[in-house]
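Asker: As given, the protein sequences belong to chains A and B, one line each in that order.
If you read the first sequence in the numbering used here, its first letter stands for residue 1, the second for the next number, and so on.
If you read the second sequence in the numbering used here, its first letter stands for residue 1, the second for the next number, and so on.
Quick caveat, the hints were computed from the structure, so don't treat them as lab data.
On a predicted model such as this, the values are computed, not experimentally measured, just so you know.
Don't be surprised by glycine CBs; every beta carbon is placed ideally from N, CA and C.
Mixed in with the good hints, there may be bad ones.
Okay, the calculated bits of chain A under chain B, using three or more residues with CB under 8 Å as the criterion [unchecked claim]:
| id | segment |
| --- | --- |
| 1 | 27–38 |
| 2 | 51–62 |
Here are the simulated distance ranges between beta carbons [claimed, not checked]:
| id | chain 1 | residue 1 | chain 2 | residue 2 | range |
| --- | --- | --- | --- | --- | --- |
| 3 | A | Ser18 | B | Gln3 | 18 to 24 Å |
| 4 | B | Gly81 | A | Ser65 | 50 to 56 Å |
| 5 | A | Pro25 | B | Ala64 | 43 to 49 Å |
| 6 | A | Gly45 | B | Glu51 | 50 to 56 Å |
| 7 | B | Val43 | A | Pro25 | 28 to 34 Å |
| 8 | B | Gly25 | A | Gly27 | 51 to 57 Å |
| 9 | B | Glu46 | A | Thr29 | 22 to 28 Å |
| 10 | B | Pro8 | A | Ser61 | 23 to 29 Å |
| 11 | A | Pro25 | B | Thr32 | 47 to 53 Å |
| 12 | A | Thr29 | B | Glu52 | 21 to 27 Å |
| 13 | B | Lys100 | A | Asn54 | 19 to 25 Å |
| 14 | A | Asp17 | B | Leu28 | 36 to 42 Å |
| 15 | B | Phe124 | A | Pro25 | 42 to 48 Å |
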Amino acid sequence: MRVRILLFAALREALSDSAVEVELPAGCTIEQVLTELRAKHPVLGQQRFATALNRRYAEPSETVSEGDELALIPPVSGG
Amino acid sequence: MIQVVTTPIELDPLLAADPAGATGGVVLFLGTVRNQTAGRKVVRLEYETFEEMALNEMEAVAEAALRDFEIDSIDIVHRVGTLALGEVAVAIVVRAGHRKAAFAACQFAIDTLKQTVPIWKKEFFEDGSVWVGEGA
């Protein structure tokens, strides 16, 4: 399956893109997506971030399905 | 009212009187753009958001406030884009029968928003810029 990953703020700037895609077998976890993503974009290895699946915070153990929207959420600083 | 806006936050609609008169107190919090961070002169700020998720998280903050405090309503409006010094970045309005709950709920709302809502602030100095929260 193809997984689309949204990037924001410092991560968007680090990868010079607001979204990236990776190709993975169906049924993999967020952690597996991140491992693939870090291999493709080593700069991510130095970044801290949480993850959101379909616009809700999600744990790395959660399963990603075809068509899901994953987002990397660097430390927030609103207000 | 839960909103993310790209233009200056209008306070008049937020502060319009409660015609039913059930409110005994209204607490307004405004987060504004400060002119320095750790002694370094800030010239402007840029806020970026993941808007759809930010609205979800702001709704969650409001729901938790309504559940955990004896308040009648809570409105949260956050501005994004480029802001100049002194401009309002976030406004929170809490109405309650009594002031104590209104103050407590407002404090809870801004503290939680700063921890959970996907909005990012970039500070611009005279000699550079930094995403706030990085390396913290």
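Asker: Run every hint past the structure and note whether it holds.
Answerer: Outcome of the hint check:
Requiring three or more residues with a Cβ within less than 8 Å of a Cβ of chain B, the coverage given for the segment 27–38 of chain A is violated, as only 0 such residues are present. Residues of the segment 51–62 of chain A with a Cβ under 8 Å from some Cβ of chain B number 4, which satisfies the need for three, so the listed coverage holds. The hint said 18 to 24 Å for the Cβ distance between A:Ser18 and B:Gln3, and at roughly 22 Å that hint holds. A hinted range of 50 to 56 Å is violated for the C-beta pair B:Gly81 and A:Ser65, which are about 34 Å apart.
A beta carbon spacing of about 38 Å between A:Pro25 and B:Ala64 contradicts the range 43 to 49 Å that was offered as a hint. The given range of 50 to 56 Å is broken by A:Gly45 and B:Glu51, whose C-beta atoms sit roughly 28 Å from each other. Distance hint for B:Val43 and A:Pro25: a CB-CB separation of about 49 Å, inconsistent with the stated range 28 to 34 Å. With their beta carbons about 52 Å apart, B:Gly25 and A:Gly27 fall inside the hinted range of 51 to 57 Å.
Here the CB-CB span from B:Glu46 to A:Thr29 is close to 34 Å, at odds with the stated 22 to 28 Å. Taking the beta carbon of each, B:Pro8 and A:Ser61 are about 43 Å apart, not inside 23 to 29 Å as hinted. Separated by about 49 Å at the C-beta atoms, A:Pro25 and B:Thr32 satisfy the suggested range of 47 to 53 Å. For A:Thr29 and B:Glu52, the Cβ-Cβ distance of about 23 Å falls inside the hinted range of 21 to 27 Å, so the restraint holds.
The hinted window of 19 to 25 Å between B:Lys100 and A:Asn54 is violated, with their beta carbons roughly 38 Å apart. Range check, A:Asp17 to B:Leu28: Cβ separation about 39 Å, and the 36 to 42 Å hint holds. Separation of B:Phe124 from A:Pro25 is about 43 Å and conforms to the stated range, judged on CB atoms against 42 to 48 Å.
Against the hints set out earlier in the document, violations occur for numbers 1, 4, 5, 6, 7, 9, 10 and 13.
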